[in-house]
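Here the protein sequences come in this chain order: S and Z.
Position one of the first sequence corresponds to residue 1 (UniProt numbering), numbered consecutively onward.
Position one of the second sequence corresponds to residue 1 (UniProt numbering), numbered consecutively onward.
Fair warning: there could be bad hints in the mix.
Where chain S lies over chain Z, by a calculated footprint (3+ residues, C-beta under 8 Å) [claimed, not checked]:
1. 59-66
2. 200-209
3. 212-224
4. 237-244
Some chain Z residues close to chain S (C-beta under 7 Å, calculated; not the full set) [to be verified]:
5. Ile139
6. Pro297
7. Glu301
Because the hints were derived from the structure by calculation, they are not lab data.
Idealized CB from N, CA, C, for every residue including glycine.
One-letter residues, chain by chain:
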Amino acid sequence: MSHDALSRSLTARGVQQAKWPAIWLVLLMACVWGFPYADGLLRIIEPDSSQVVYQRASLATLLVQHMLVVSAAAVITVVGGVLAAIVVTREWGRNFLPLVSQVASLGQTFPPVAVLALAVPALGFGTLPIIVALVLYGTLPIVRNTLGGLQDVDKEVKSASVAMGMTSWQTLRQVELPLAAPVILAGIRTSITINISTAAIGATVGASNLGDPIIAGIVNGNMAYIVQGALTIALLALTVDSLFERLQERLRSRLYTA
Amino acid sequence: MALLDALPSPQMAWRQWRPNSVLVVLLSVMLVALWLFDVVSVSPNRIVSGQGAGLVEAMGWLGALLVSGVTITLMLLSLQPGRQNYQVALVGVCLLLLLMPFGLIVASDRLVSSDMPQARLNMGMAYWLMLSLLLLCWIELRLRLALPRRWTVLMLLGVALVWWLCAMWALEALALGQEFRARNDEFWRALRQHITLVSVSVAISIGLGLSLAMLMRRYANFQKVAFGVLNFLQTIPSIALFGLMLGPLAWLAAQWPLLSRLGVSGIGWAPALLALVAYSLLPMVRNTYIALEQVSPETLEAARGMGMRNSQRFWQVRLPLALPVLLEGIRITSVQAIGLTAVAALIGAGGLGAFIFQGLGQAAMDMVLLGALPILILALIADAGLGALSDILRPKNTVRPGDAQ
């Protein structure tokens with residue numbers, strides 16, 4: 001397939017893919033703004049309860065708080081994970097490579113609930129412990145993929161860039177990172193999507209987010225509350241995931257057409 | 001290039017001096033933390049927060065110098081790395097790990113007076129840091145010496161045994177131990193529940209996963225739909241999935257009395273088990289599918305050439321060859337299930353998570369630890385044990401497939 005045809009087919013697929021983030025986003029917004037008026041609908045699930053619409057806080061506020069927690073953790077994991085992976089693949093940091101890749105894979109062995117519980121005595125109740133738990137849980141995919149992406153860059157391409165007179169910093173920025181970008185992005189996507197649903201357990205230690213309606217539902221035996229929290233989180237995860245898919249698609253088409 | 005390498009170069013002399021910077025960094029951080037932060041803290045009773053004590057206060061000058069001395073010796077060893085030095089360093093790290101509980105005994109002797117029977121000794125920031133940094137050093141040494149996993153698991157179990165004995169017989173004041181003694185029966189029951197829930201759900205998802213993966217290989221359409229559904233299940237947060245089982249199961253139990261006589265109800269083990277299986281299916285099915293697909297067609301062709309029947313080829317060729325990757329899936333699933341079962345405590349399924357959530361409710365952090373630490377240890381044991389098993393089962397001359405996710 002010629003470059004032209006390839007890029008055309010990629011854009012054609014891109015247009016087809018483009019609708020998914022929009023669809024999920026519309027559904028998410030419908031959930032957030034629609035649930036307060038969906039009394040009748042929710043009553044089908046939970047006919048016996050006096051109250052079926054979660055009213056302690058608006059879903060929109062909870063959604064924003066949920067996204068803030070996940071983004072805070074994401075910023076830390078992405079910056080930390082990518083930096084760590086870059087450091088250990090340089091000549092002077094190579095000593096740390098075995099330990100870092102081992103520890104990164106160990107991170108996902110720690111159950112988030114246990115980490116959350118252990119972080120509470122040190123950090124107190126609230127948002128901080130859940131961020132720590134998410135950071136620990138979300139680091140592995142990013143470190144693993146960044147390491148893989150950087151190590152897969154062809155040795156000859158790197159030698160060529162050195163031969164062209166690029167400094168090691170230039171090689172990293174203009175050759176290695178762009179070539180590894182799709183793989184790194186895939187890692188970030190996995191990490192953030194997992195963390196969106198994991199963040200809900202933060203509600204058990206007083207971090208207020210979309211986990212709140214779920215916990216309230218479990219405590220009061222109210223299925224309608226749980227559905228509101230769960231559906232909103234699932235739709236948020238799907239929206240973000242499909243956005244990342246779009247981003248990957250674009251990155252790939254740019255790499256191929258460049 | 002080869003010729004160049006063979007020539008002696010003047011830089012060789014200092015190039016050979018390559019300190020293991022990893023160990024040096026880890027050990028220096030440990031040394032600084034030991035002297036800067038509180039090693040232990042003593043609280044008069046269960047609820048009041050403790051009074052911190054530094055290294056010298058807790059262990060006396062003799063103890064402080066002993067610990068620092070061993071650490072500095074380890075640092076000196078890692079300046080000149082080599083196989084022999086690494087082995088000595090490994091022994092040193094194990095020695096420090098073994099000495100740690102004795103440090104607690106000394107501290108409780110010095111700090112907890114006998115007229116305060118309620119007093120509790122808590123491990124401080126420096127103590128936890130030292131423990132985790134020592135474990136990191138240990139991982140590093142294991143990797144450098146290329147020790148097989150099962151050996152090192154055995155070594156760590158030995159260290160854990162010494163810790164356990166010290167905590168049981170010599171450390172009355174340790175907060176975690178007190179919490180444990182107060183809930184001895186409850187703890188073992190919770191541990192049993194936890195392990196039972198995990199193993200039953202993993203067993204069910206192995207069976208279901210294998211059959212689903214086999215169906216997927218036969219019907220391509222089914223594969224798309226099934227992966228779609230399983231992926232969607234994974235986006236629902238685990239606590240919500242547990243919660244969502246409450247309603248339908250309560251309804252089922254109300255409809256069929258037989259079910260409720262079996263113990264099925266909206267809360268308890270039944271919804272927990274269902275949610276655990278639902279959550280475990282995606283990693284299980286994905287790995288089983290990959291495992292069965294990656295067996296090389298040539299091998300299967302050879303088996304056919306030898307006159308094997310279809311079923312023989314599956315049981316005697318495809319499955320054994322797929323086993324290491326399949327075990328990888330079981331490992332991921334089990335570790336995940338161990339963590340998720342903790343959440344199941346929220347819907348009354350019991351298990352170690354009950355301690356976590358009770359402790360969080362009462363702001364009793366020792367109780368939280370009593371739940372969280374064993375969960376962590378269980379997860380690590382499952383991870384290491386199943387990892388070692390798949391290492392053993394892997395045919396000698398095949399490459400380890402990249403972490404199939």
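How the hints compare with the structure:
1. 59-66: violated (count 0)
2. 200-209: With 0 residues closer than 8 Å to chain S, the region 200-209 of chain Z misses the three-residue bar; violated.
3. 212-224: As far as the region 212-224 of chain Z goes, the hint is violated, because 0 residues have Cβ atoms under 8 Å from chain S.
4. 237-244: holds (count 8)
5. Ile139: Hint holds; Z/Ile139 Cβ to chain S Cβ min 6 Å, cut 7 Å.
6. Pro297: Violated, about 26 Å.
7. Glu301: Since chain S brings no Cβ nearer than about 31 Å to Z/Glu301, farther than 7 Å, the hint is violated.
Violated hints for the displayed structure, listed by number in ascending order: 1, 2, 3, 6 and 7.
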